[in-house]
Structures are given as C-alpha cells and as structure tokens.
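Top to bottom, those sequences are chains A and B.
Residues in the first sequence are numbered consecutively from 1, following this note's numbering.
Residues in the second sequence are numbered consecutively from 1, following this note's numbering.
A few of these clues could be false.
Straight-line distance between alpha carbons at most 20 Å, and here's what the computed SDA-like set of lysine to any residue pairs gives [what the hints assert, rightly or not]:
#1 A:K3 with B:S125
#2 B:K111 with A:K3
#3 A:K208 with B:G113
#4 B:K61 with B:R29
#5 A:K3 with B:E233
#6 A:K208 with B:I54
#7 B:K111 with B:Q76
#8 A:K316 with B:G116
#9 A:K316 with B:T97
#10 A:K3 with B:K61
#11 A:K208 with B:G116
#12 B:K65 with B:F157
FYI, nobody ran anything at the bench for these hints, they're computed from the structure.
These numbers were taken from a predicted model, which means no experiment stands behind them.
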Amino acid sequence: MAKYRTWIVFIVLILFIPVLLRTLAPALLGRAILIGIFTILVIGFDLAVGYGGQINLGFQGFFAVGAYTTALLTVRKGLPVIFSEPLAAMLSGCMVSVVICYLISRPVLRTGGFFLAMVTLAFGMVVYTLANGWDFLGGASGIIGIPRFHIGPLVFSTDLWYCYAVWAFVLFSIFLSLRMVNSRWGIALRAVHSDEIAAEVTGVHVSKYKMEVFLISAIYASIAGSLFAHHLRGVNPPMFTFTLLLLVTLAIFFGGMGTIWGGLVGAALVQGLPEGVTALTSYWPWMSNTRELLYGIIFVLIILFMPEGVFGRVRKVFMESNRLPGKNLRTR
Amino acid sequence: MDDALLEVVNLTKAFGGLVAVCDLSFTVRRGQIKAIIGPNGAGKTTCLNLISGIFCPTSGKIRFKGKPVTGSSAYQRAYLGMGRTFQNIRLFTAGMTVLENVVAGRHTRTKTGLLGVLLRWRRASREFTSATEKALEWLDFVGLLPKAHSTVGELTFAEQRSLELARALASEPELLLLDELAAGLNEAEAEHAANRILQIRDTLGITICLVEHNMNLVMNTADEILVLNYGQELADGTPTEIQNSEDVIRAYLGEKKYA
C-alpha cells in the first residue's frame with residue numbers, strides 16, 4: 001500500500017480539485033487545464049535537458065507541430081473521417097514530430113552541444129515563420145474552429161470534463177516518465193549526460209540514447225500541443241514563440257532539473273503565478289503588470305537558496321533520511 | 001598463440017605530425033597481468049585509448065578474443081568484454097549516487113531498452129532490481145558498501161578510484177584496462193591497490209592490462225612488462241628481464257650512474 005501512496009494521493013487530488021474549483025472559482029478551471037498541459041510540456045523538456053543533457057532550443061516547435069496537426073486534421077475536410085478523431089489527430093501529430101525530430105537531430109546529435117543548440121534554434125524559428133507566412137496553415141490569424149476534445153461519441157463538453165481529460169494525460173505521462181527514468185534506460189541516459197566517453201566505454205550506445213530521449217521529448221511536446229489546440233479551440237503563431245521555451249526552462253529551474261515531479265511543481269508555479277498576481281491586484285492595484293518582475297525575483301531566490309529546485313530540495317532531504325545500504329533501491 | 005586474449009599488430013596513431021604510438025605490436029594472454037610503462041608522454045594512455053576504442057588508430061590492427069575489433073566503437077568493445085578505468089577519474093556525477101554509477105556499469109549485462117521499459121515493465125523492473133543487487137555486491141567487493149547512497153562528490157580520491165574500478169568490474173569484463181590506478185594514492189593505498197589487482201586476477205580470473213607509474217606496484221603485480229619510449233616498444237618481457245635491460249635503464253631511469 002505504501003508503495004502506491006503517492007499515486008493514490010495524486011489521483012484523489014486530480015479528482016477533487018477540479019470539482020472544488022468549479023464550485024468555488026470556475027474561472028480557475030481554465031488555469032488548471034493550462035497547468036496540466038504545461039506539465040506535460042515541461043516533463044518532456046526535462047527528459048531531454050535535465051536527464052539526457054541534450055539542449056533543445058526548438059522545443060516549442062514540436063508543441064506547434066502537435067497543435068497544428070490537430071488543427072488541420074480536425075478542421076479541414078478531405079481526409080478519411082477517422083483522422084478527424086482527436087486521438088487519431090494527436091497520434092498523427094506525434095508521428096510528424098518524431099519524423100521531423102529524427103531528420104533534424106540525426107546529423108547533429110553525434111556532435112551535440114553547440115551544433116545541436118544552433119540547429120534546434122533554427123528549427124523553432126522555421127516553424128514560427130512557416131506558421132506565420134503559409135496560407136495553408138492559416139497565416140497570422142491561424143486556424144479556428146477546432147472541436148472540443150472527444151473520443152468517438154464521448155464529448156468532453158465542459159471545462160470540468162476537459163480538465164479531467166488533460167489531467168488523465170498528465171497522470172499517464174508522469175507514470176511513464178518515472179518508469180523510464182527508474183530503469184536501466186534512465187541510468188544509462190544520465191550516464192550519457194554526465195560523461196559521454198565514460199558512458200560509451202561502459203557499453204552505452206551514446207548516440208542511440210540521445211536520439212531516443214530527443215524523440216520522446218518531441219512526442220511529449222506534440223501531445224501537449226494537441227491538448228492545447230483543443231483547449232483554445234484554435235491555434236495561431238504567437239502561441240509558439242521563444243517566450244514559451246523560456247517559460248518551460250523557468251519551470252524546470254523552479255521545480256528542479258532532472259526530477260519528474262518537479263516538472264509538475266514548476267509548471268504549477270509558472271502557470272499559477274499570473275493568476276496569483278491578478279488576485280493580488282484587486283487588493284493592491286500597483287501589482288498589475290508585475291508578472292515578469294515576480295518571475296525574476298522568484299528565479300533569483302530559487303537559484304540562490306534552492307539551486308536544485310523546489311522538488312529537488314524536497315527529494316534531497318528525503319533521501320538524506322533514507323540512506324541505508326540495500327534500502328531505497330529505487331533511485332527516483 | 002592460442003591463449004592470446006588481446007593482440008595488437010603494428011599499431012600506429014598520429015595526431016597531426018605527432019606520432020604518439022608507432023608500429024607497436026604486443027600480446028596480452030588470458031590470465032595475465034600485463035603492465036605498460038614508460039616515461040611521461042611515451043604513449044601509454046594513447047595505447048589504452050586505442051585498445052578500448054576511444055581513438056581510432058591511424059594504421060594497424062587490434063584483435064580481441066581472436067576477432068578483429070579495429071573498426072568497432074567503444075561500446076561494442078564493452079559488449080565484447082572490455083572494461084576500463086581512467087587516469088583522470090571519469091565517474092558519472094550528474095546527480096548520480098555511488099550505487100547508480102555501478103548499476104550503470106551493469107549496462108552490458110542487462111538488456112531492457114526504451115521499448116522494454118514501456119511495454120514490458122515487469123521484466124524491466126525485475127532486471128533492474130537484480131542489477132542493483134549485483135551492483136551492491138561489487139560495491140562490497142571494493143569496500144564502498146556503506147557509501148552506496150552517497151554522491152560521488154562526497155567520496156575521497158581513493159574511494160573514487162575504487163568506485164571506478166567497481167563500475168568497470170560490474171560489467172564482468174574479460175579484459176580489464178587500468179589507467180594509472182595508483183596515481184595520487186599514498187603508499188598504503190597503493191599497496192592495497194596492488195593486492196586488489198592480484199585478487200581480481202586470481203579470484204575473478206580477469207585478465208588485466210595496466211598502465212602505471214608506480215614501480216613498486218608494477219614489479220609486484222605484473223607477469224610481463226611492456227616498456228614504451230616515444231611511442232615505440234623499448235622492451236617486452238618479465239619484470240626481471242626489464243629490470244636488467246640496459247636500454248630500459250638508460251631511457252627510463254636515466255644514465256646508469258644516476259640510477
């Protein structure tokens with residue numbers, strides 16, 4: 001039972017918080033959905049950057065690929081009707097992301113570092129420019145009219161239901177990520193992050209591991225993008241600017257690099273903050289437009305006092321008290 | 001020779017104009033402890049890097065267990081049964097514990113890849129647990145069991161060397177390449193290291209090829225010594241032969257009157 005304690009608490013929270021929000025503050029349901037979507041995005045980024053050590057400056061591009069694939073397949077007619085199913089569209093988005101990710105990272109992952117940063121940065125820019133300038137993708141005004149998320153005849157017709165759907169995805173992605181990092185694969189991945197030569201000599205096929213984690217992170221971003229498209233019922237280019245990447249990076253620092261639950265903490269902090277500022281503004285009007293300032297202050301405070309992030313700190317304290325040989329075999 | 005585990009034939013490595021290893025040939029036989037010595041810059045570490053696949057040789061051949069491995073990459077050689085340590089310790093530090101370092105060392109002895117983790121979790125998990133148990137055994141072997149959950153930064157220098165050894169041993173290699181295991185260790189620690197080398201060969205049956213500056217350690221452990229100077233073989237023989245070789249004494253220790 002103790003083994004599943006975290007999960008039970010988490011599931012209970014997921015079940016009750018949306019209901020609570022709907023009765024007490026319905027306006028915050030949208031924020032809860034955003035936090036969920038953002039969590040998936042942050043965890044995907046953390047897998048590549050925090051665990052794998054592979055920088056990806058075009059991460060928001062894969063978010064866009066997911067969102068636009070969903071938008072095109074669910075809005076435009078002409079393809080077999082099965083493709084306009086949200087789940088099928090989401091899956092297609094993942095496939096497109098995987099193919100693109102493979103093509104752009106294949107030549108540079110081997111060298112990594114600076115080249116990888118440059119190529120992924122270029123990818124993010126190309127995606128933005130394409131979305132802005134190509135009429136097929138709706139140009140600057142984007143694509144609107146995306147239906148509500150549904151699975152066959154089952155429509156998630158209110159924000160409350162969609163909130164549950166999104167958090168089901170969050171639950172699933174946290175679950176899978178924890179499995180991935182708590183395995184031989186995860187250990188080898190962190191070995192690659194730490195020292196590629198030592199990892200290679202230990203028997204790790206370094207370039208294969210880098211590619212795998214890159215593809216996985218692209219899939220996470222793509223799924224988050226699809227969910228986001230259904231949430232806003234439309235997509236447009238300003239959603240996928242470099243600012244999004246900065247927020248994701250910020251969330252990783254807040255929550256703790258190389259921690260899965262930290263992704264959730266960081267996402268909640270980054271996406272919850274604007275709501276907090278808005279709430280405070282009604283008491284102190286001068287607080288409006290201080291969001292960026294607050295991000296900055298919190299960022300500096302966290303770097304100063306918790307360089308390992310909020311969750312990273314919690315885990316460290318927890319692990320200190322658990323140090324017995326043979327005990328606590330699970331590492332994350 | 002039938003019992004040759006590692007054969008190096010006419011190996012040459014040039015970095016631009018600098019020839020670090022020149023036309024080197026030698027053999028390491030099964031169950032042997034072979035030491036490679038030589039003055040600074042003689043090409044000893046380059047030689048190990050060529051054997052373990054970190055560098056690609058300019059020319060020449062390497063055969064491991066009778067199979068040519070000259071063109072295969074380092075991880076493939078690890079799968080074939082090579083393990084090594086580094087002169088300037090290269091442990092996995094990115095938030096990884098001592099235990100996790102050794103679990104990483106079990107990589108070649110375990111199988112689950114990404115798909116295995118996602119689709120066959122039960123098996124992956126069982127494999128991971130047994131890898132962890134094995135890793136604890138190896139930590140016990142080098143005496144680091146009490147520190148299993150420490151981070152690498154909390155270890156002393158000597159402990160870090162032991163940990164690197166445990167990581168290499170965890171893959172249960174047939175050939176263990178040790179790059180200056182005793183560098184930076186004090187007299188007592190170096191003697192302990194020498195005993196451990198003998199123990200690894202005698203009880204685990206692992207063939208060892210070591211690069212070393214500590215002459216006591218070399219003379220006490222090695223069955224055969226290869227002396228390098230400017231990337232070329234100066235002598236190859238038993239410790240007694242090497243100690244009495246005029247060439248070696250002149251090149252390695254200086255002129256006889258100063259020796």
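Right, here's what the structure says about each hint:
no., hint, result
1, A:K3 with B:S125, "holds (14 Å)"
2, B:K111 with A:K3, "violated (26 Å)"
3, A:K208 with B:G113, "holds (10 Å)"
4, B:K61 with B:R29, "holds (17 Å)"
5, A:K3 with B:E233, "violated (60 Å)"
6, A:K208 with B:I54, "holds (17 Å)"
7, B:K111 with B:Q76, "holds (14 Å)"
8, A:K316 with B:G116, "violated (29 Å)"
9, A:K316 with B:T97, "holds (12 Å)"
10, A:K3 with B:K61, "violated (53 Å)"
11, A:K208 with B:G116, "holds (15 Å)"
12, B:K65 with B:F157, "violated (34 Å)"
This entry does not satisfy hints 2, 5, 8, 10, 12, going by the numbered hints stated previously.
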